[in-house]
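We have chain A already, so just place chain B on it with the hints.
Take a look at the letters that make up each chain.
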Amino acid sequence: MTGKRILAVFCVVLLSLFSLCGPAWSADEATIKIGVAAPFTGDAAAYGDNVKAGASLKVEEINNAGGINGRKVELVYGDDLCAPKEAGAVGSKFANDKEVMAVIGHICSSATLAALPIYIRKGLPTISATSTNATIGKVGKGWFFRNCYTDDFQSEFLATYAQKVLGLKKIGVFYEQNDYAIGLKDAFIKAAEKLGLEIVGTEAYTRTTTDFGPQLTKLKAGGPDGIFIAGYYQQGALIARQARQAGIDATLFGGDGLDNADYINLAGDAANGTYLSVPFIAEASGPEGKNFADRFKQMTQRDPDWMSANAYDCMGILAEVIAKVGPDRKKIREGLAAYNSPEKAFNGITGPTYFDKYGDCQKPAFVKVVENGKFVPAKQLR
Amino acid sequence: MFIELLLNGLTIGGIYALIAVGYTMVYGVIQLINFAHGEIYMLGAFFALTFLTALHLPFYAAFGLAMLLGALCGVLLDIIAYRPLRNSPRLAALITAIGMSIFLQNLAMIIWGSRPLPFPQNDLPAYFKQPALTVGGAPVSWLQLFIFIITILLMIGLYLIIHKTNTGKAMRAVAQNKTMAALVGVNVNRIITVTFALAGSLGAAAGILVGAYYNSVYPTMGYVAGVKAFAAAVLGGIGSVPGAMLGGVILGVAEAFGAGYISSLYRDGISYAVLIAVIVLIPAGLFGKLSRETKKSL
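Those protein sequences? They're chains A and B, same order as listed. In this text, residue positions in the first sequence follow this note's numbering: the first is 2, and each later residue adds one. In this text, residue positions in the second sequence follow this note's numbering: the first is 2, and each later residue adds one.
Source of the hints: derived by calculation from the structure; they are not laboratory data. Remember, predicted model here, so these are calculated numbers, not experimental data. Some hints could be false.
To be verified - Some, not all, of what chain B presents toward chain A, calculated at C-beta under 8 Å: (1) M110; (2) N216; (3) S217.
To be verified - Which bits of chain B does chain A cover? Going by a derived footprint, with three or more residues having C-beta under 8 Å, they are: (4) 111-119; (5) 250-260.
All C-beta atoms, glycine included, are put in the ideal place defined by N, C-alpha and C.
Chain A with its partners taken away, still in its complex shape:
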């Protein structure tokens, strides 16, 4: 009996040891792994889906053309739930996996800020397609890059647009309690006050807020003609619906966080007439951009948003760098830093991308509006 027991335990231990070694045997040693950190579940999952689709389209292109110097590219996904805690876990996972050469991520500014110290400590370059909070570049220590604009720029643009094109005078502000929204809100209020716009109220909310009744009632008392939503699509949609239900006719407008088909799905008719600023619209992006838009629509049956376009370009930039310097984290970082002037810029579907010493980049802002349940380009700021 005891002998059989010992044999059984021994077999189990041996098998489990084999299972640990398994992945190393079966791994295709030739692939280059790039981590993609984004929320794939939870209430910001729609962002992750689009980034995944955008990056995958570029990887498909690269692999069909033979890969980078003969080696295929493989994307490794980490679900950060758009939250700092999970972002740290994903960051550790990527940093400790020696095969991951670089990270495209994170999406939400709070998540990027949480994971960044890990990437810096372990020397893993990360390029974000979507984190717009202005402070990230200052703490990146050279390991952080992004090919989207920052919120300082976006807020100023929005305030100017609200005044010059939309003709608004009194604005009510909603913002979520996270780095992205607070940064956006602060910069917007500063810019708005400089332009002479009146801020009738600023109302905060958290990720779990579903009922905005009291806040809308408070703002309504101030008689705003515009409501600025600094936040993500899920809460933005709830605010839009409830604002209309409460009888508020003000023009809704927001930043890049609202750019997602789910905003329209969840808000229904209330979404019509919402303006939002984005770093990319397919209609203004030239033939390569239109090609991307068509392929994206074929793959996902929806129109591309700016996040997918930026993710596509992030992968493009990484591929160009790795083709030049090879799969080495430090060399990739130096390669990315070498894009430091308009002449040396990477030309992708989102325009020329080059980084300053903080890893930040300049991108123009466009405006979209929701019309009849679809995003269409709005009157642009000239």
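The following block gives chain B in isolation, referenced to the frame of chain A:
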């Protein structure tokens, strides 16, 4: 602004009351906080969503059917998870409740995906969006009126069941003393099942109302609502049904006024502060009764 905030508070409060009543009834009969109750609320919303989108049933039919399914879920929860542990230490049942909560959340994620789904607006009765009346300058839509009326009707219905029927009498007997109730011929297990069914149907009703009102249904929606409703049940005195109803309304109104007059940033903090204040002053909650063990320790 006062009237609008009050109406808003009464709407949220009514929803909390519906869920809180479920917590309190189950606690009353088996002294267990059913942490999975928030998930029945969530499942009710998803069931109604599926009936409306996949089966294209009319709204009221979907509402009724989803309530029935909610009752069924409550019963299944009892039979599968809690009945086997009826004679085990209370901690085992508590942990099972938390486990069932996690299980149901993930089951919903597998079945319906983790993204928030919109309630199909075209399947709701068309007049829902129209303003029904104006109270003190604040517009009240038919949907809001519907929520008020349903909440009140369900509460009255529950009250009548508990106080005017034999089953209700048996429920009160089991809540008072299980052993004595069994001795006088009450089928305790059956009564507990009925309690779960009632709690489940009310929770599901709350879920459907919230889904229709906010147009957003997602697998983790049960968690926040469940915690607030649990707080409301404790506020009113856990085990007391009128207490849970009152607790829900008080919490909802406190939240609305706190967010409107004090600061929307701390609205959750304000509602919980109200709870803490009441419990410190009246330890058993508004209508609760301290058990002998608790009285001794105080």
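Hints, one by one, checked against the model:
Here the hint on M110 of chain B is kept, as its CB sits about 7 Å from the closest CB of chain A, short of 8 Å. Because the smallest distance between the Cβ of N216 of chain B and any Cβ of chain A comes to about 6 Å, under 8 Å, the interface hint for this residue holds. Because the closest C-beta pair between S217 of chain B and chain A is about 6 Å apart, less than 8 Å, the hint holds. Remark: the stretch 111-119 of chain B is confirmed as covered by chain A, as 4 of its residues place a Cβ nearer than 8 Å to a Cβ of that chain, reaching the required three.
With 5 residues carrying a beta carbon less than 8 Å from a beta carbon of chain A, the stretch 250-260 of chain B meets the three-residue requirement, and the given coverage holds.
Of the numbered hints given earlier, the model fails none.
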